[in-house]
Every structure is written in structure tokens, then in C-alpha cells.
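In full-length UniProt numbering, the protein residues as written are 1 to 139.
Some hints here could point you the wrong way.
Label pairs and their calculated CB-CB ranges [what the hints assert, rightly or not]:
{"#": "1", "residue 1": "S33", "residue 2": "A71", "range": "11 to 21 Å"}
{"#": "2", "residue 1": "V9", "residue 2": "P54", "range": "17 to 27 Å"}
{"#": "3", "residue 1": "S33", "residue 2": "P54", "range": "32 to 42 Å"}
{"#": "4", "residue 1": "S106", "residue 2": "V34", "range": "28 to 38 Å"}
{"#": "5", "residue 1": "D53", "residue 2": "I90", "range": "14 to 24 Å"}
{"#": "6", "residue 1": "T44", "residue 2": "G23", "range": "30 to 40 Å"}
Because the hints were derived from the structure by calculation, they are not lab data.
Treat the numbers as computed from the prediction; the structure is a model and nothing was measured.
All residues carry an ideal CB built from backbone N, CA and C; glycine is no exception.
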Amino acid sequence: MGSVRSKTVKRTIDTPDNADVLGPYSHGTTDGSVLYTAGQIPITPSGEVLADDPIGVQTEQSLSNVERILAAAGLSTEHVLKTTVYMTDINDFDGMNEVYWSFFESEPPARTALEVQRLADGADIEIEAVATVPDAASK
1 MGSVRSKTVK RTIDTPDNAD VLGPYSHGTT DGSVLYTAGQ IPITPSGEVL ADDPIGVQTE
61 QSLSNVERIL AAAGLSTEHV LKTTVYMTDI NDFDGMNEVY WSFFESEPPA RTALEVQRLA
121 DGADIEIEAV ATVPDAASK
């Protein structure tokens, strides 16, 4: 399981199972009731960016990164309330969607998908998630 650092009510989530962050941010943060992931581009745990791969491969890697952040906090995709999907080409929507459904087969979260001009490291997709933390009152 990843580490959880706490200074105040906010806790940061970092997992050694994902690539190191590329700046002054955490893989995720939580207040104990909701977890927010940082946007995840298609970067492997070893740091290889899959920017030249098809959108389906990039989507799978990005969502796998989200899954590892959730797991570091003791959560799964079942806890995800909303995702935001940024794509450099909205015409890739169908290809993204094919893979996306495999991560959220039942009761998919709310989602916003939008086209942006450019993403980090030449990636074609970036995905962030907001998840509920069950039993937050008992923590």
C-alpha cells in the first residue's frame, strides 16, 4: 500500500506503484470523505510515456494509474463518483470509451470529456477522478 502523509485534515496519497510525480503535487489528496486524484497521463510505473500508442492503450494506462492511486487509499473504481477526461482529439472519444467501459462496467461515475490543445509529455489523454471514501465518519 502507498504512503499517506497527514499535516492537517488533508492527507496526501502517494504510491510507489505509479511513476514519480513530475512536479510539486501528490498522486491524490483526501479529507477523509472524498479523494481527488491528480490527472493521470499514460505513463507506466517505470516512467515510460505511451504518447505514441493508440488511444485505447493510452486510456488503459491512464485508468490503471488511477486504479493504483485508489488502491493506495484502500479504494477501487467502485468508489469513483466522477471522472474528467481530457483528450487532444475529441474524435478519439469512441476509442477511449471502449476501454473506459471495462473499468466502470456497473454504475459508471459521472463524467466530463473535453478536447484540449495539448497535454503533458505529448500524451493524447489525461484522466482524473473524484472518489467517495466509505465510512468516513468512522475514520
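These are the hints, each one checked on the structure:
| no. | hint | result |
| --- | --- | --- |
| 1 | S33 <-> A71: 11 to 21 Å | 18 Å, holds |
| 2 | V9 <-> P54: 17 to 27 Å | 41 Å, violated |
| 3 | S33 <-> P54: 32 to 42 Å | 37 Å, holds |
| 4 | S106 <-> V34: 28 to 38 Å | 21 Å, violated |
| 5 | D53 <-> I90: 14 to 24 Å | 18 Å, holds |
| 6 | T44 <-> G23: 30 to 40 Å | 18 Å, violated |
Comparing the model with each numbered hint stated earlier shows that hints 2, 4 and 6 do not hold.
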